[in-house]
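Visitor: Using the hints provided, position chain B relative to the given structure of chain A.
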Amino acid sequence: MSTVTTVITSYPPTADLLEARLSVSFTYYLNMLERIPGGLIILRYIRSSYKNDPIRSVLELILFLFAVHYFLSSKRKENKSDLVKFSGREVDELNEEWQPAPIVEPVGPLEHWRLNEYHVKGHSGSHVEIEQKPELGTVVNLSSLDFLDLSGDSRMKAAAMDVISNAGVGSCGPPNFYGTQDVHVRLEEDLTRFLDAENAILYGQDFVVAGSVIPAFLKRGDLAVVDSGVNVALQKALVVSRCDIEWYDHNDMEHLEQILEELDPILSKKKPLKRRFIITEGLFSYSGALLDLPKMVELKNKYKYRLFIDESLSIGTLGDTGRGVCEHFGIPRSEVAITIGSLATTFASSGGFCVGVAPMVQHQRINSYAYVFSASLPPYSSKVASEAIKIITESVDASGKSKLIKSLHQKVAHSYSKLQKKFANSQYFEVVSDGNGPIIHLALKPAFRASLDLPDYYGNTVLLTTGKPSRKLNQFSEEYNLECYILQQIVDNVLGAYRAWINREKIVYEQESLPVQNPRLWFHVNNGVLVAELDAAIGALFDVSNKVCSRLRSPNDLTKLREELMRA
Amino acid sequence: MSTLIPNAPPDNRSDEAKIELEYGSLQSPEFLYVSKHPAGQPLPTPVDDEPPYYVNVATLLSFLFLIIIGHIRDFFGKIFKPYDYADLIEKDGYAPWYDGFENFYVRRLKTRLDDCFARPTHGVPGRYINCFLRQRAPQLKYTYNGESTKCLNLSSYNYLGFAQSHGVCTDYALKTVEKYGTSACSPRSAAGTLDKHKECEQVIADFVGKEDSLIVSQGYGTNASVFALMVDSQCLVLSDSLNHASIRFGIRLSGAVVKPFEHNDMRILEKIIRNEIAQGQPRTHRPWKKIIIAVEGLYSMEGNLVNLPEIVALKDKYKCYLFLDEAHSIGAMGPNGRGVCDFFLVDPKKIDIMMGTFTKSFGATGGYIAADKWIIDRLRISYFNSHFGESVPPAVLGQIISSLSVIKGTMNPGEGQERLQRIAFNSRYLRLGLKRLGFIVYGADDSPVIPLLLYLPAKMPAISRKLYAKKIAVVVVGYPATPITTSRVRLCVSSALTKDDLDYVLEQFSEVGDELFMKYRKDAPRMKLEDVLKTNAEDCKRPGFV
Numbered sequence: 001m002s003t004v005t006t007v008i009t010s011y012p013p014t015a016d017l018l019e020a021r022l023s024v025s026f027t028y029y030l031n032m033l034e035r036i037p038g039g040l041i042i043l044r045y046i047r048s049s050y051k052n053d054p055i056r057s058v059l060e061l062i063l064f065l066f067a068v069h070y071f072l073s074s075k076r077k078e079n080k081s082d083l084v085k086f087s088g089r090e091v092d093e094l095n096e097e098w099q100p101a102p103i104v105e106p107v108g109p110l111e112h113w114r115l116n117e118y119h120v121k122g123h124s125g126s127h128v129e130i131e132q133k134p135e136l137g138t139v140v141n142l143s144s145l146d147f148l149d150l151s152g153d154s155r156m157k158a159a160a161m162d163v164i165s166n167a168g169v170g171s172c173g174p175p176n177f178y179g180t181q182d183v184h185v186r187l188e189e190d191l192t193r194f195l196d197a198e199n200a201i202l203y204g205q206d207f208v209v210a211g212s213v214i215p216a217f218l219k220r221g222d223l224a225v226v227d228s229g230v231n232v233a234l235q236k237a238l239v240v241s242r243c244d245i246e247w248y249d250h251n252d253m254e255h256l257e258q259i260l261e262e263l264d265p266i267l268s269k270k271k272p273l274k275r276r277f278i279i280t281e282g283l284f285s286y287s288g289a290l291l292d293l294p295k296m297v298e299l300k301n302k303y304k305y306r307l308f309i310d311e312s313l314s315i316g317t318l319g320d321t322g323r324g325v326c327e328h329f330g331i332p333r334s335e336v337a338i339t340i341g342s343l344a345t346t347f348a349s350s351g352g353f354c355v356g357v358a359p360m361v362q363h364q365r366i367n368s369y370a371y372v373f374s375a376s377l378p379p380y381s382s383k384v385a386s387e388a389i390k391i392i393t394e395s396v397d398a399s400g401k402s403k404l405i406k407s408l409h410q411k412v413a414h415s416y417s418k419l420q421k422k423f424a425n426s427q428y429f430e431v432v433s434d435g436n437g438p439i440i441h442l443a444l445k446p447a448f449r450a451s452l453d454l455p456d457y458y459g460n461t462v463l464l465t466t467g468k469p470s471r472k473l474n475q476f477s478e479e480y481n482l483e484c485y486i487l488q489q490i491v492d493n494v495l496g497a498y499r500a501w502i503n504r505e506k507i508v509y510e511q512e513s514l515p516v517q518n519p520r521l522w523f524h525v526n527n528g529v530l531v532a533e534l535d536a537a538i539g540a541l542f543d544v545s546n547k548v549c550s551r552l553r554s555p556n557d558l559t560k561l562r563e564e565l566m567r568a
Numbered sequence: 001m002s003t004l005i006p007n008a009p010p011d012n013r014s015d016e017a018k019i020e021l022e023y024g025s026l027q028s029p030e031f032l033y034v035s036k037h038p039a040g041q042p043l044p045t046p047v048d049d050e051p052p053y054y055v056n057v058a059t060l061l062s063f064l065f066l067i068i069i070g071h072i073r074d075f076f077g078k079i080f081k082p083y084d085y086a087d088l089i090e091k092d093g094y095a096p097w098y099d100g101f102e103n104f105y106v107r108r109l110k111t112r113l114d115d116c117f118a119r120p121t122h123g124v125p126g127r128y129i130n131c132f133l134r135q136r137a138p139q140l141k142y143t144y145n146g147e148s149t150k151c152l153n154l155s156s157y158n159y160l161g162f163a164q165s166h167g168v169c170t171d172y173a174l175k176t177v178e179k180y181g182t183s184a185c186s187p188r189s190a191a192g193t194l195d196k197h198k199e200c201e202q203v204i205a206d207f208v209g210k211e212d213s214l215i216v217s218q219g220y221g222t223n224a225s226v227f228a229l230m231v232d233s234q235c236l237v238l239s240d241s242l243n244h245a246s247i248r249f250g251i252r253l254s255g256a257v258v259k260p261f262e263h264n265d266m267r268i269l270e271k272i273i274r275n276e277i278a279q280g281q282p283r284t285h286r287p288w289k290k291i292i293i294a295v296e297g298l299y300s301m302e303g304n305l306v307n308l309p310e311i312v313a314l315k316d317k318y319k320c321y322l323f324l325d326e327a328h329s330i331g332a333m334g335p336n337g338r339g340v341c342d343f344f345l346v347d348p349k350k351i352d353i354m355m356g357t358f359t360k361s362f363g364a365t366g367g368y369i370a371a372d373k374w375i376i377d378r379l380r381i382s383y384f385n386s387h388f389g390e391s392v393p394p395a396v397l398g399q400i401i402s403s404l405s406v407i408k409g410t411m412n413p414g415e416g417q418e419r420l421q422r423i424a425f426n427s428r429y430l431r432l433g434l435k436r437l438g439f440i441v442y443g444a445d446d447s448p449v450i451p452l453l454l455y456l457p458a459k460m461p462a463i464s465r466k467l468y469a470k471k472i473a474v475v476v477v478g479y480p481a482t483p484i485t486t487s488r489v490r491l492c493v494s495s496a497l498t499k500d501d502l503d504y505v506l507e508q509f510s511e512v513g514d515e516l517f518m519k520y521r522k523d524a525p526r527m528k529l530e531d532v533l534k535t536n537a538e539d540c541k542r543p544g545f546v
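If you're matching them up, the sequences are chains A and B in order.
Heads up: the first sequence at position 564 corresponds to 564 in UniProt numbering, and the numbers run straight through without jumps.
Heads up: the second sequence at position 186 corresponds to 186 in UniProt numbering, and the numbers run straight through without jumps.
Note that these hints are calculated values from the structure, not bench results.
Please note that the accuracy of each hint is not assured.
Pairs of lysine-lysine, DSSO-like flavour, derived with a Cα cap of 30 Å [as the list claims (entries may be wrong)]:
| no. | chain 1 | residue 1 | chain 2 | residue 2 |
| --- | --- | --- | --- | --- |
| 1 | B | Lys179 | A | Lys406 |
| 2 | B | Lys91 | A | Lys269 |
| 3 | A | Lys274 | B | Lys81 |
| 4 | B | Lys91 | A | Lys304 |
| 5 | B | Lys528 | B | Lys470 |
| 6 | A | Lys302 | B | Lys78 |
For clarity, every value in this text was computed on a predicted model and none was experimentally measured.
So here's chain B without its partners, still in its complex pose:
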């Protein structure tokens, strides 16, 4: 027993067994689907089911108790156990590192479910993920016995199942390391641009349907630095209220005026645009220099899709610019995996700046910005992230180029197609199954992100531990990352999962859901597990299922 996280234990399984554990083989050609939005039809607004009202009341009460008890404990704790609160108290004339208020939820909520977060792992986060066994010890420490257990992985961003240690992509990445070394080290503008970078940028531009692209070594960093190039304090950014932290950070860094609009509400957005153009900048009433609408393709906490056709119409009508973050949708959405444009059959030329990441669908890391050539030219000169941040390392370049080639079908034809159709099927299958079992699930039918609502904060650790014991790894999220009443489990579906895996997930969820009283859905008929499993494969392929 040690308090140190151990090294990965040796794995003597055969390559075939490993491959199967990383990417399960397809069980039947019936378990495939092509995700696509019927052109011309309006995007159905996903109905967010409401729980019974006593659940909401109980949730608010839970937080109330948590806050009251938390404050009481803080008050007495500081008197009787000052050692535990040393970090919150001034010492030798130095202010504490952080004040008690900033840290309140961490101290009072997160510590209680600390074991559900940051479970250390090793190896490939593919179909299964290997988690080290650990035992909670005092002072937020853990003890490890050196062993690990493999859990069915519904937590990693591995939509197309490219997280693999075997296969064409890995071979290609290995070859790139062999030839190009471990790192390009310098920023792009010093000696950090390799011929491989140029190749990769062209591949991406072609894939998303833009003239040119620029790749960056981190997705978060891509957004965090890009807005400063486009807007200053005389410009307006209209930002969806559920945009990712990196977008919000980037806008804040640019100093632009930002107006959040209600998530996906096109009517309010239009009202704001019209009003803002008429009013101009605050106080001076000079016209805005430019207005940028910042949205995401697929919202990672809600599983909602952007209403792209309407937003493109709005932006054209009012001469605004559109920034589309496809971090979660690129690769995972559309019949060809080319993101929401592909899904909605919208011409990518209509979108001014397309941003995306390689972390989620391609098993790599980093981000890109794709746009017209004259825009990218400006970025090449003035994008400070590529003048000061490191360039994308060779192995990652290899992984990006090869996984995109697989999706396009130029490398190992057929494989990409299967991956795309499996993620589409798996997403719909699991979503419909959970809905029919009576869970409240948010998001669009085709979205591979499936948030399952728990409401009560105490159910977060409960479900996470119960499923972990049944060898299913899930992510739980609560306040402050979500609104206070809607704590949730977020499932990320992957092509690597087989139908049997999904059936197992449904079975276990059904059982745990009964046990923890979590099947809140009230306005649709509930089905028995056996019936769900019998009919699901057929029914999930029907458009507009409930």
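With the rest of the complex left out, here is chain A:
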């Protein structure tokens, strides 16, 4: 306090001198200003303002300088205090010393077995030849997503060839720039009709649809309430959209209701209204479970959320005529705000689509990345998908059921009950899916897994607890890798000894943001496979699984398995 007073009391006479000096240069610059066009007006303004209130002029000058500084400084400025000052030599040294990690993690000896994939020789239908195993001849394909076995159908082929010989293969342009052809529009109309929606939009690949549609409607500040068992496409889409995320337990409607109830008072205060969605799958690709749609619709209407359903696996497989979960439960499609699906599964074509109300689809045509910045679907693929819809709907009989779908449903039901019966007394495996979907999931029994010291679940819970993705990818997990390897041995042996090719779950463990369940065997039921062949495959699966698993009695056996992998 005392120092301040001294400063003021010892106010030097030099201040006057300084002021005089300043006013001289000030007038000089003012005179300069006179010479530029329009300068006179500014000058008059400064003069009059100075006369009335000199302090105001100073304030205005400071404000002006601040404005100039503000406009000139870069927009993405870092926190300067965070930067370390280095001399040129230090920077050189640091640059010299820096050693980057390899661009991708090299495949280690423990993972090497995963590179041995089977390739189909020729057409990938219900019965295939495998390039690596020519000695097997034709094997039964229980790994394909072409559940209705349409990809080799002669009508489908004729449709493809007809378009290719009129319009070539590629569309050579994005849909907004001359890439929209008559066949695309026809398919959009067909999908709209088939799914009883207002409008449809096509994408060039099924995997990108979720990642493009979700960020188009969910931005920062919007809310997504999401099932915690969704697939990686949806996980990534949510991370990219930067919306707020709330998770509910996988397919647990009570938990969902609890969360919606808790959120309700908070949301009702927010103005303006933010967009809110419930995001889930129709037929979950990871668990094989079926969405409880009636309860879901009731909840979403009560709390006023829009419903987003990924129906990649359910459209074409569920419902009497293959119209997905809505038809399965007898609920109108209008209850689902956004439906996305794939054209590359039962429709045996390529690409993906999204259906819903017209303004929603229209918005995507300009604001959805994968639609705007990518070439449109090849015209022949559109025609093929239209043909598939035609084949499915044409086979509808008097009872309103599509014969093709009915036959698939019968085969699924048959396989499911047969598998359940067979594995009821198995020590090692159990059927874990609910029998609705065409892919039947089998997993190691908890007791058996416990005896091998395998963990309950893998992966991390960061996204689940914080809503933000983990800073690091999942580290390679030896146990997960070994468990997958056990399943692969079963796949290999069923194929080698019984000529049936089943599938195992193949998720990219490192990229999963949610906790990862124990890996599963997937039994894809295909309409082109005979019931007798299904029965034989189920018997083979049971025998082989017993044989492979009986070798594993304790965690020690897993260590041996690990060594076996290291040697190979």
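Guide: Here is chain B on its own, set in the frame of chain A:
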């Protein structure tokens, strides 16, 4: 008259006539050129001509008016015509699908020129493209009378003219459908890998000069998922400021720290690299795990080429990795069509990840990633797009394999060579012609992408409609896809076009350019159309033309 887009009308023309309409035959061996960068010489920085300054002022004023009037219309529209704004207003407790701000340019600018976008077509997008005739009706609807008109095609990505319904490639694609069916359906890791996939991957790896490759069913999807495999939040990606949306999306998805650098500015790039390595990660100052430089070979909105020799030198010096997106350059650049590496005589081994698409030059669809075998091995295991996305369908595989074989000369020898030399000639011919007529054109001399600058937003619909009336199909692009002052027409040249076609384009552009006052180029002498047409074929082959 119907509001539905009609089906393609029957086409009774003979096969010969169709072939000619899809791919015009070469008029003279003089109209060929080999595109190649003289080794050792620095890449000339393309001079972006500046328009007179009143054009810039007028452009900004246009946008100002647009914004002001737009807001006024919104304000009164919501009061007097609430029906038209139903999508922007809360309803029954549901938020609108999108807010008014997100949608402002669409509502106020794009609707005015809606007829210039998404013109429905049918048939092959080759030398000519067939557009359905339509009439604008209220509510952004159109009526169609079922007829179509064929327009000279400067809009499709068909650099080498492989968009054809006849010829060796189409025959091969048809045979593949016959044998392999309509789709491989499943993802690669389920039953979706065919022997044809392996064959195709080997063909591509050989073509681009890498050990191995992985093919993906969509180009956008290729980029959108690849970065998550290479980088996480402890890595840095230096991304060219004009990189394609798919690259930016892919980086965002990976969660890596991204620093954009000024387009093609090697000095700034070096400064950023040095500084970033020294500083390390923000806050913790731990060293970056890795740094990836992401660039494109040929920038699709600017027509600029990457400065590959310098960027390779930088990356070697500072131990960074290089991701090169050759979506537009593969096939279209280089004496052998092998992209920018071929053009600049840079060893492909120097580039860590080479990405490209099949949409632009090969008349197919999808993308690839080519790299060393150990990198591709990792991708085969961990690339989630091939575990969840569909695999490349058989017909597309057929088209890729056959078109690459044609380019290499193993199928129908001579044809590939002609296509490559025609695209090189056509690109230079059209570019020089437009420049000499007085238009401002961006990009490298050899680039088949020719952006012609319009500046004023109102000229976008004007030129698009005028040329459409003269049966030339072009693409117009404006804000927000380009910077606010540089609306443009983007011409994509194709081998399928003949010299007469290009002369016709020059004639029409000259006429429309005079009419719409678009010849902004001020620092070079302008030439008359007749003189341009007389001298162009010779002059465009000279290196470094103006």
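Visitor: A separate judgement is required for each hint: does it hold in the structure or not?
Guide: Here is what the structure says about each hint:
no.: 1; hint: Lys179(B) with Lys406(A); result: holds (28 Å)
no.: 2; hint: Lys91(B) with Lys269(A); result: holds (17 Å)
no.: 3; hint: Lys274(A) with Lys81(B); result: holds (24 Å)
no.: 4; hint: Lys91(B) with Lys304(A); result: holds (11 Å)
no.: 5; hint: Lys528(B) with Lys470(B); result: holds (21 Å)
no.: 6; hint: Lys302(A) with Lys78(B); result: holds (29 Å)
Hint violations for this structure: none, all hints satisfied.
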